[in-house]
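Student: Each chain is listed here by its residues.
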Amino acid sequence: MSKKSQEGKIIRISGPVIEADDMRGAKMYDVVRVGDENLIGEIIRLNGDVATIQVYEDTNGLKPGEKVISTDMPLSVELGPGLLTNIYDGIQRPLPAIYEETGDFISRGVEAHAIDRKKKWHFKPVAKSGDKVSGCDVIGEVQETSIIVHKIIVPPDVKGTISSVEKEGDYTVEDDIAVITTDKEDVKLQMLQRWPVRKPRPVAKKYDPSLPLITGQRVIDTFFPVAKGGTAAIPGGFGTGKTVMLHQIAKWSDAQIVVYVGCGERGNEMTDVLREFPELVDPKTGEPLMSRTVLIANTSNMPVAARDASVYTGITIAEYYRDMGYDVALMADSTSRLAEAMREISGRLEEMPGEEGYPAYLASRLAEFYERAGRVKLLGSKDKEGSVSVIGAVSPPGGDFSEPVAQNTLRIVKVFWALDADLADKRHFPSINWLKSYSLHLDEVNGWWKKEVGEDWLKLRNKAMALLQKESELQEIVKLVGPDALPSKERAFLESARMIREDFLQQSAFHEVDTYCPSNKQYEMLRLMLKFSDKLQEAVDKNVHMDDILSMKSRENLARMSTVPNKEFEVRFQTVENDFEKEIDSLMKGGK
Amino acid sequence: MSNKDIEYTTVSEVAGPLIIVEGIKDVAYNEVVKIKTSYGEERTGQVLEVFSDKAIVQVFEGTKGLDTDKTSARFIGETMKLGVAKDMLGRVFDGTGNPLDDAPPIIPEDRRDINGNPINPYAREYPQEFIQTGISTIDGLNTLVRGQKLPIFSASGLPHNELAAQIARQAKVLGKEEKFAVVFCAMGITSEEANLFIRDFENTGALERTVMFLNLADDPTIERVILPRMALTCAEYLAFDLGMQVLVILTDLTNYAEALREIAAAREEVPGRRGYPGYMYTDLATIYERAGRIKGKKGSITQIPMLTMPDDDITHPIPDLTGYITEGQIVLERGLHKKDIYPPIAVLPCLSRLMDRGIGDGRTREDHAGVSNQLYAAYSEGCDLRDLVAIVGEDALSDRDRKFLNFAEEFEKKFVSQGKHEDRSIEQTLSIGWELFSRLPTSELKKIDEKYIKKYLPKGGKEE
Ligand SMILES: Nc1ncnc2c1ncn2[C@@H]1O[C@H](COP(=O)(O)OP(=O)(O)OP(=O)(O)O)[C@@H](O)[C@H]1O
Ligand SMILES: [Mg+2]
Chain A
0 MSKKSQEGKI IRISGPVIEA DDMRGAKMYD VVRVGDENLI GEIIRLNGDV
50 ATIQVYEDTN GLKPGEKVIS TDMPLSVELG PGLLTNIYDG IQRPLPAIYE
100 ETGDFISRGV EAHAIDRKKK WHFKPVAKSG DKVSGCDVIG EVQETSIIVH
150 KIIVPPDVKG TISSVEKEGD YTVEDDIAVI TTDKEDVKLQ MLQRWPVRKP
200 RPVAKKYDPS LPLITGQRVI DTFFPVAKGG TAAIPGGFGT GKTVMLHQIA
250 KWSDAQIVVY VGCGERGNEM TDVLREFPEL VDPKTGEPLM SRTVLIANTS
300 NMPVAARDAS VYTGITIAEY YRDMGYDVAL MADSTSRLAE AMREISGRLE
350 EMPGEEGYPA YLASRLAEFY ERAGRVKLLG SKDKEGSVSV IGAVSPPGGD
400 FSEPVAQNTL RIVKVFWALD ADLADKRHFP SINWLKSYSL HLDEVNGWWK
450 KEVGEDWLKL RNKAMALLQK ESELQEIVKL VGPDALPSKE RAFLESARMI
500 REDFLQQSAF HEVDTYCPSN KQYEMLRLML KFSDKLQEAV DKNVHMDDIL
550 SMKSRENLAR MSTVPNKEFE VRFQTVENDF EKEIDSLMKG GK
Chain B
0 MSNKDIEYTT VSEVAGPLII VEGIKDVAYN EVVKIKTSYG EERTGQVLEV
50 FSDKAIVQVF EGTKGLDTDK TSARFIGETM KLGVAKDMLG RVFDGTGNPL
100 DDAPPIIPED RRDINGNPIN PYAREYPQEF IQTGISTIDG LNTLVRGQKL
150 PIFSASGLPH NELAAQIARQ AKVLGKEEKF AVVFCAMGIT SEEANLFIRD
200 FENTGALERT VMFLNLADDP TIERVILPRM ALTCAEYLAF DLGMQVLVIL
250 TDLTNYAEAL REIAAAREEV PGRRGYPGYM YTDLATIYER AGRIKGKKGS
300 ITQIPMLTMP DDDITHPIPD LTGYITEGQI VLERGLHKKD IYPPIAVLPC
350 LSRLMDRGIG DGRTREDHAG VSNQLYAAYS EGCDLRDLVA IVGEDALSDR
400 DRKFLNFAEE FEKKFVSQGK HEDRSIEQTL SIGWELFSRL PTSELKKIDE
450 KYIKKYLPKG GKEE
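In order, the protein sequence lines correspond to chains A and B. In terms of numbering that gives the first Met the number 0, the first sequence has 495 at position 496, counting the first letter as 1, and numbering is strictly consecutive. In terms of numbering that gives the first Met the number 0, the second sequence has 338 at position 339, counting the first letter as 1, and numbering is strictly consecutive.
Please note that a few of the clues may not be correct.
[As the list claims (entries may be wrong)] Distance ranges between label pairs, derived from CB positions:
1. A:Met72 x B:Leu241: 42 to 50 Å
2. B:Pro457 x A:Met587: 49 to 57 Å
3. A:Glu278 x B:Lys85: 34 to 42 Å
4. B:Glu393 x A:Arg559: 53 to 61 Å
[Claimed, not checked] Quick partial rundown of chain A residues pointing at chain B, CB under 7 Å, derived from the structure:
5. Gly60
6. Lys62
7. Pro63
8. Ala296
9. Thr298
10. Ser299
11. Met351
12. Pro352
13. Gly353
14. Ser561
15. Pro564
[Claimed, not checked] Output of the computed footprint for chain B on chain A, the stretches with three or more beta carbons under 8 Å from beta carbons of chain B:
16. 34-45
17. 72-85
18. 90-99
19. 268-274
20. 457-468
21. 475-488
Note that these hints are calculated values from the structure, not bench results. Quick reminder that beta carbons are idealized off the backbone N, C-alpha and C, glycines included.
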């Protein structure tokens with residue numbers, strides 16, 4: 000039965016929000032085509048015959064009276080091979096294709112398929128006729144990029160018996176590759192599938208996270224780790240290092256797939272990724288980082304209504320790769336822009352404003368988004384796992400975390416990296432404040448660290464934290480009486496804490512070595528610094544003079560451990576350790 | 000009869016900078032409106048919101064003298080456009096794009112929508128060509144590159160105009176003879192302030208490479224909302240059609256934001272923070288994001304927006320939202336100004352996000368990143384100690400600490416402070432840095448690679 004799609008006409012235009020009459024019968028959240036240029040919009044309110052629509056493209060020049068046609072479909076993404084290495088706008092139009100069509104500037108009404116229809120992919124079946132399959136079972140495989148095998152999976156809502164599968168060979172994404180007989184009908188499968196962005200893809204079960212997402216960033220991995228399948232927020236005022244950190248995680252984390260959503264931020268930051276990622280090499284696979292990455296860009300000057308679509312598009316793509324059994328990490332920079340877009344649209348709808356003008360549903364929208372993260376048992380007959388980790392930047396006005404977006408996010412996420420403008424001003428990067436940040440994943444990831452890196456990992460980590468805590472207390476005293484008035488023991492503590500702060504917590508994203516610090520190097524650095532700290536205390540107890548300690552030569556080598564090439568660090572650290580032991584021991588022997 | 004010829008005399012309401020016209024037909028969102036007062040004066044407006052039979056129109060020259068009786072409105076059938084041409088160089092225009100000088104109107108080579116279109120991020124070229132401004136705190140610590148948007152956060156009474164003029168005068172890309180074309184956009188500044196720039200452009204012969212858009216303090220405020228868009232439309236034409244290197248100076252964005260707020264208030268919108276509209280971030284982004292470079296194009300747009308922080312408060316929405324969009328900021332500080340330091344650039348809160356890739360071997364010098372990081376580290380330590388000394392006195396400091404304290408003083412005097420016409424080369428800037436380092440124990444220079452210390456630290460430097 001084919002039903003004529005609903006056609007109405009515009010009766011009001013206010014920025015990105017329009018109203019159309021004669022729309023009775025159209026459904027909430029259906030996609031509509033607006034005006035003579037066929038702009039893309041989404042129904043966000045229905046009232047009698049009138050539909051309110053947010054338009055994902057610029058509405059300049061639109062007139063009341065122009066037509067609005069419902070497509071009768073919710074906003075969906077296209078899924079299939081070809082997503083990786085691509086860059087999309089907020090509603091999944093590929094920016095390279097738009098570039099081909101309209102040139103350097105993005106104009107309106109561009110039509111472009113998210114996934115290339117002509118390209119042929121080499122498909123290898125792994126299931127056979129007669130197999131009983133359900134959602135997420137693998138039908139076949141395609142080598143999508145040099146490192147990623149794209150698994151062609153049964154859509155989550157399909158269950159039945161395979162009645163035929165195509166042979167190994169080259170197919171386009173629209174060619175039929177299998178037929179599944181369900182209790183209702185025969186379903187033809189193609190490599191190209193669709194999924195509505197606002198509907199989470201179902202899973203069999205959610206597990207607690209247990210493995211760390213190793214990012215190569217010391218302050219994160221060692222101090223405030225995030226688990227695979229976990230959620231983290233990184234709030235901070237402008238210029239405190241959110242984007243650099245998200246880029247670092249996108250580059251170096253041990254996720255298998257990375258989805259990077261630039262939501263309401265700078266165009267050049269997306270260009271930066273496009274330029275840099277193909278040249279950077281994954282430390283584990285030796286392949287270009289771009290091969291595992293999907294980019295979504297709704298930059299600050301692109302239509303505001305598509306902010307929220309960009310994030311949903313991103314998370315749906317992330318879930319799709321999760322459903323193949325991959326560990327996926329999604330970064331959203333910045334969730335505040337998403338919230339502001341909601342506020343703007345809500346304002347135009349003349350909804351009752353909540354705190355600071357944000358709509359009352361801000362909290363539940365944010366929760367829904369982060370809730371789509373997780374380590375999960377996949378649907379399907381095989382006992383398989385996948386994960387989506389979500390890391391969101393928050394950009395609080397004036398850098399003040401008491402505002403609604405930061406506060407509501409804090410209630411949801413398990414890991415909190417609080418950026419600090421004072422640290423950023425001092426060029427202490429990453430400017431994550433160690434006293435305000437936290438991770439609720441410490442116990443979960445401890446098992447991995449114990450097994451893979453060092454039995455006493457958590458103990459070292461906690462000892463270092465205690466030292467930093469003590470430093471901040473001592474500094475309060477110093478502020479009153481000056482450093483000279485402190486007893487030597489306390490001054491030695493301050494020196495050790497300073498070393499951890501300056502030479503462990505600080506890490507330059509732009510230094511060729513320091514940009515990525517492997518987990519065992521992190522562990523060794525911390526172990527040596529804490530051993531040094533213990534030695535200092537011992538020396539002070541033996542009355543070694545503070546000035547002698549401060550002028551120790553070997554201190555400098557400890558301070559430069561982070562830039563020792565990752566391949567050589569084991570040998571070189573050995574020397575560092577021997578040297579400082581020798582130097583301190585000799586001080587203690589000669590000590591008065 | 001086309002809509003263009005209809006004079007609607009159906010203005011039903013005049014409120015703040017807005018009028019409502021009823022009984023209209025076939026009017027487009029954002030369309031330009033020509034308004035005529037009862038005494039025949041013509042004004043320009045723009046449709047802010049449109050219904051099947053009525054439109055809300057903002058009037059750029061203000062609504063004084065408009066009425067609901069004889070005032071008429073004509074919808075001209077297109078959105079706001081600017082005629083652009085190479086001949087705009089050397090000319091001065093008012094807030095609606097008409098020439099203010101005595102020369103004849105320009106003959107447009109094209110007419111462009113002033114709102115422009117977003118640059119496709121895929122089409123952007125990453126900015127990384129070093130612009131030498133001759134100012135140490137910028138070149139050495141917060142390097143500007145071609146295609147960057149780097150605002151100056153100032154406050155009333157500080158010499159931000161002098162600084163911007165100095166940048167415009169001295170900016171050059173090393174090894175390239177080509178001079179910058181300047182697009183100067185004044186929003187609500189006094190004629191005295193505007194004259195400072197004009198005189199400077201005249202004296203340096205830059206005037207013929209300059210296009211000016213002026214809306215001065217006593218000009219209609221609502222015009223300020225379209226002025227930067229006209230200036231940038233012109234800049235885009237010069238940069239991306241004619242291949243010129245364009246420097247856009249926008250001043251003062253605070254006046255722009257006030258105009259936005261005025262319109263929002265008149266529409267009784269739910270205000271965001273401190274009364275500014277919730278969409279101010281997006282609105283400012285559509286201005287600032289028009290800076291940049293494009294693949295395969297010779298030209299570029301570098302933006303230096305200036306704003307005055309109300310109450311010297313950097314968390315105020317105007318600097319705050321700007322900082323969230325631009326690629327860094329240069330912050331001026333009253334304290335330094337009072338110490339008679341020019342330019343009074345407060346180094347610590349400054350930032351250039353595009354610096355890392357614009358400096359180093361082959362661009363500036365191999366040691367640049369290290370010098371910059373070390374200057375920051377040492378200066379911020381010195382500033383912390385200054386706070387401490389204020390309480391406990393200098394005697395409580397160790398020898399080491401006293402060196403850092405002294406470093407901070409010398410840094411401000413030698414590195415930050417310079418003449419209004421002093422144009423320092425990047426080598427000069429870096430060597431001042433090294434000269435300052437020689438006052439610190441070498442073992443404290445942890446941010447710089449040892450090989451550069453060997454190469455650049457002046458021989459007099461103490462080994463400890
Ligand atoms: N880990 C790091 N190593 C070295 N420099 C850093 C690091 N993190 C941040 N920076 C410096 O801080 C600058 C600002 O960082 P970034 O652009 O990430 O800020 P942001 O928090 O995303 O700001 P905004 O909210 O305005 O986007 C960078 O350009 C860089 O110079
Ligand atoms: Mg950022």
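Student: According to a criterion of three or more residues whose C-beta lies within less than 8 Å of a C-beta of chain B, is the region 475-488 of chain A covered?
Tutor: That given contact holds, which follows from 8 residues of the region 475-488 of chain A lying within Cβ reach (below 8 Å) of chain B.
Student: Cut-off 8 Å, C-beta pairs, minimum 3 residues; does the coverage of the region 268-274 of chain A by chain B stand?
Tutor: holds (count 5)
Student: Three or more residues of the region 72-85 of chain A near chain B by CB distance under 8 Å?
Tutor: Contact hint for the region 72-85 of chain A vs chain B: violated, 0 residues under 8 Å.
Student: The hint says 53 to 61 Å between Glu393 (chain B) and Arg559 (chain A); measuring C-beta to C-beta, is that right?
Tutor: 31 Å, violated
Student: Please check whether Thr298 (chain A) passes as an interface residue: C-beta within 7 Å of a C-beta belonging to chain B.
Tutor: Hint on Thr298 (chain A): holds, closest Cβ of chain B at ~6 Å, below 7 Å.
Student: Any CB of chain B closer than 7 Å to the CB of Ser299 (chain A)?
Tutor: Constraint on Ser299 (chain A) satisfied, holds at 3 Å.
Student: Quick one, is the Pro63 (chain A) hint okay against chain B at 7 Å, beta carbons?
Tutor: 4 Å, holds
Student: Just to make sure I understand the rule, a stretch counts as covered if three or more of its residues have a C-beta closer than 8 Å to a C-beta of the chain. Does the region 457-468 of chain A meet that for chain B?
Tutor: With 0 residues close enough to chain B, the hint is violated.
Student: Please check whether Gly353 (chain A) passes as an interface residue: C-beta within 7 Å of a C-beta belonging to chain B.
Tutor: 10 Å, violated
Student: Can the hint on Lys62 (chain A) be confirmed by a CB-to-CB distance to chain B that is less than 7 Å?
Tutor: 5 Å, holds
Student: Under a C-beta cut-off of less than 8 Å, do 3 or more residues of the region 34-45 of chain A approach chain B closely enough to confirm the stated coverage?
Tutor: violated (count 0)
Student: Return the status of the interface hint for Ser561 (chain A): holds when the least beta-carbon distance to chain B is below 7 Å, violated otherwise.
Tutor: 11 Å, violated
In summary, the numbered hints that this structure violates are 2, 4, 11, 13, 14, 15, 16, 17 and 20.
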